[in-house]
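Hey, can you work out the whole structure from these sequences and the hints?
Residue numbers (the working numbering), protein chains in the order written: chain B, 1 to 322; chain R, 1001 to 1322.
Everything labelled a hint here was simulated from the structure, so no lab data went into it.
Note that the structure is predicted; figures quoted are calculated from it, not measured.
Treat the hints with caution; some may be incorrect.
A partial selection of chain R residues facing chain B, derived with a Cβ cut-off under 10 Å [to be verified]:
#, residue
1, Arg-1002
2, Ala-1026
3, Gly-1028
4, Pro-1095
5, Arg-1096
6, Gly-1105
7, Glu-1106
8, Leu-1109
9, Gly-1116
10, Ser-1122
11, His-1138
12, Ala-1183
Beta carbons: idealized from backbone N, C-alpha and C, even for Gly.
2 protein chains.
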Amino acid sequence: MRTPSIYLRSVGVYLPAMVGLRTAIAQGRYPADEAEYLRLGGAAVAAEVPAPELALRAARHAFGRAHELSPADLDLMLAVLTCGHGEAWQPDWQPRHYLQQHLTGEEVLTIELRYGCCGMFSALEMAAGYLQATPARHAALLVGADTPGTDKHGIDKHGDAGCALLVTSDEGFAAVLSLDSAAPHEAEPTERTLRDLVDQTLREAGITPTEVAKVAFPHGRRDSLASGTVTGLGLTMADTTWDYGSCIGHLGVSDQFLALDHLLATGALRTGDHVLLIGHGADHALSCAVLRMLAVPAEYTSLPALLFAWPGLFTDPVQVRR
Amino acid sequence: MRTPSIYLRSVGVYLPAMVGLRTAIAQGRYPADEAEYLRLGGAAVAAEVPAPELALRAARHAFGRAHELSPADLDLMLAVLTCGHGEAWQPDWQPRHYLQQHLTGEEVLTIELRYGCCGMFSALEMAAGYLQATPARHAALLVGADTPGTDKHGIDKHGDAGCALLVTSDEGFAAVLSLDSAAPHEAEPTERTLRDLVDQTLREAGITPTEVAKVAFPHGRRDSLASGTVTGLGLTMADTTWDYGSCIGHLGVSDQFLALDHLLATGALRTGDHVLLIGHGADHALSCAVLRMLAVPAEYTSLPALLFAWPGLFTDPVQVRR
Chain B
1 MRTPSIYLRS
11 VGVYLPAMVG
21 LRTAIAQGRY
31 PADEAEYLRL
41 GGAAVAAEVP
51 APELALRAAR
61 HAFGRAHELS
71 PADLDLMLAV
81 LTCGHGEAWQ
91 PDWQPRHYLQ
101 QHLTGEEVLT
111 IELRYGCCGM
121 FSALEMAAGY
131 LQATPARHAA
141 LLVGADTPGT
151 DKHGIDKHGD
161 AGCALLVTSD
171 EGFAAVLSLD
181 SAAPHEAEPT
191 ERTLRDLVDQ
201 TLREAGITPT
211 EVAKVAFPHG
221 RRDSLASGTV
231 TGLGLTMADT
241 TWDYGSCIGH
251 LGVSDQFLAL
261 DHLLATGALR
271 TGDHVLLIGH
281 GADHALSCAV
291 LRMLAVPAEY
301 TSLPALLFAW
311 PGLFTDPVQV
321 RR
Chain R
1001 MRTPSIYLRS
1011 VGVYLPAMVG
1021 LRTAIAQGRY
1031 PADEAEYLRL
1041 GGAAVAAEVP
1051 APELALRAAR
1061 HAFGRAHELS
1071 PADLDLMLAV
1081 LTCGHGEAWQ
1091 PDWQPRHYLQ
1101 QHLTGEEVLT
1111 IELRYGCCGM
1121 FSALEMAAGY
1131 LQATPARHAA
1141 LLVGADTPGT
1151 DKHGIDKHGD
1161 AGCALLVTSD
1171 EGFAAVLSLD
1181 SAAPHEAEPT
1191 ERTLRDLVDQ
1201 TLREAGITPT
1211 EVAKVAFPHG
1221 RRDSLASGTV
1231 TGLGLTMADT
1241 TWDYGSCIGH
1251 LGVSDQFLAL
1261 DHLLATGALR
1271 TGDHVLLIGH
1281 GADHALSCAV
1291 LRMLAVPAEY
1301 TSLPALLFAW
1311 PGLFTDPVQV
1321 RR
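Here's what the structure looks like:
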């Protein structure tokens, strides 16, 4: 669907310390030949930091970048947290409550939401409807985090992270032009459904494929991405954020939004550029969004931002205690 | 908020076998004096039937009552299931997928959502925004289920059930006039926040408190409900569905929607009546909705419907194996 008057005010990210693949290989925790073939750099591993805390840190980052908005201004918070209920500090404990306690207070409506690795897309879809439903609503915070890197107790293609999107109905650095979800009918190939979904979302955004500056996919295997999806959409790997993803791992719900932050931080996006975000979750769930850059926020143009934009440059800084 | 053009097409319910309190008392599993004081009749206990299956049965019931709508017509399914992920049949198993597999197919966008015992209200709020966002969308299915009765391994004030609401943007037997959520600021009493919330929701619905025919609260202790909330809102216990709730237990997210079904089945609602649904979840979350009955559906006026409307009349039919 078209999403008029839905803007990103800021993006917040929290990426835990990286475990470089050289470390993992040296420790015998990852096969050297596969790493070379897949060209992986490493993964972010949260270790003892649970998903709600990753989300909280990303949310604070997002508010730090949105000077005129504070948590009290929120009409809605949607939390995409793939962690258990009643398993942590106390029975019947609700992860969303952690965010309310430490960020917004209880008076901000906070709903948890799950849609596998496309969860942040669903949150964006729900928030768009919620904000559009009445002019009295202005701002929603979407936070997502999971810890597949840590939960699997070993480095593989998964990493941990938190991300946050401040979504408003009035202004922001990017306009969300259109947003769609799909899943293939039985016996229909996923590639074809994805192509149709991308076509539809671009059409609704009013742009052609050639007007897309960058595409953020879920972080995954280079070979399957390159041979299937990317060429199927008429793209090259250089159009994607795969190289960044290969350094931090597949982060569950956060891939495309960390990638967006990275594109901005590395100067790869300019005002007027269009970005395509593509989600692919369990059970063949597919999501797609088109953004138009209205501005490059000031936080991305400072020297420290540029220095820290490439975690892959600093491989093996931390070994995770286990 | 006002929710123009949001209708309930049908309500589906699934209530497992009742465990009468006399049985539980005889088995030494519940104190007789407390049962007498609280005037409890029993609770529905699902035993081996997990929450996604309860939800599925309720969903099928709802479709059975909505002859012109089939699962393929859905634009959205929201599943409010307070059960774990990756703990059942297989790792990374997503409860929502069970509903897609057995009901809608994967092509219907299906998102899980959690907001404690107010989860179905949140689902209604999200679905309303989603359907209103574009005229191309017509129908959403909201399914809710949890198993606090079974999970706690003993009868108390909790029961198990599934409920389903078919929500459309064109027509139905009830119009959802308004819908709001709130949580008290720190140090503010919950009673007062609830009163303000009810006032706001009634005002948005365009009716006065005296125009409310029935009120469905969460099923809970008679004494606290009677002394606090009910009198605080200028109601009597006869205005509520407490007597029904006392026979089936607090069902988590399903209370108010089983109660709505019960009110219709017992002939307590007529065309033109207004019903107030009130949710009160963990962390003081509060929700409120106002419905206007546009018709009493045919399924509620048949003889079998009337016979089966009172599970409390058939106490102790089944003893749950443990």
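Quiz item: Close enough to count: is the Cβ of R:His-1138 nearer than 10 Å to one in chain B?
Solution: Violated, because the Cβ-Cβ distance from R:His-1138 to chain B comes to roughly 13 Å (cut-off 10 Å).
Quiz item: Does the nearest C-beta of chain B fall within a distance shorter than 10 Å of the C-beta of R:Ser-1122?
Solution: This interface hint holds because 5 Å falls under the 10 Å limit.
Quiz item: Regarding the hint that R:Gly-1105 lies at the interface with chain B, is the smallest CB-CB distance below 10 Å?
Solution: With a minimum Cβ separation of about 7 Å from chain B (threshold 10 Å), the hint on R:Gly-1105 holds.
Quiz item: With a cut-off of 10 Å, does the beta carbon of R:Ala-1026 approach a beta carbon of chain B closely enough for the hint to hold?
Solution: Result: violated, 29 Å to nearest chain B Cβ.
Practice problem: Have a go at the R:Gly-1116 hint: is there a Cβ in chain B nearer than 10 Å to its own Cβ? | Solution: holds (6 Å)
Quiz item: Once the shortest beta carbon distance from R:Leu-1109 to chain B is found, is it less than 10 Å?
Solution: holds (5 Å)
Quiz item: Holds or violated: is the Cβ of R:Pro-1095 closer than 10 Å to a Cβ in chain B?
Solution: OK, holds: R:Pro-1095 within 10 Å of chain B, min 9 Å.
Quiz item: Taking the closest Cβ pair, is R:Gly-1028 under 10 Å from chain B?
Solution: Violated - the Cβ of R:Gly-1028 stays beyond 10 Å from chain B, reaching only about 24 Å at its closest.
Quiz item: Does R:Arg-1002 pass the interface check with chain B, least Cβ-Cβ distance below 10 Å?
Solution: Holds - the Cβ of R:Arg-1002 comes within 10 Å of chain B, reaching about 8 Å at its closest.
Practice problem: Against chain B, run the beta carbon of R:Ala-1183 and see if the smallest gap drops under 10 Å. | Solution: holds (4 Å)
Quiz prompt | R:Arg-1096 as an interface hint toward chain B, with CB separation required under 10 Å | solution = At about 7 Å, which falls below the 10 Å cut-off, the nearest Cβ of chain B leaves the hint on R:Arg-1096 intact, so it holds.
Quiz item: Going by Cβ atoms only, is R:Glu-1106 closer than 10 Å to chain B?
Solution: holds (4 Å)
When the structure is compared with the earlier hints, violations turn up for hints 2, 3 and 11 and for no others.
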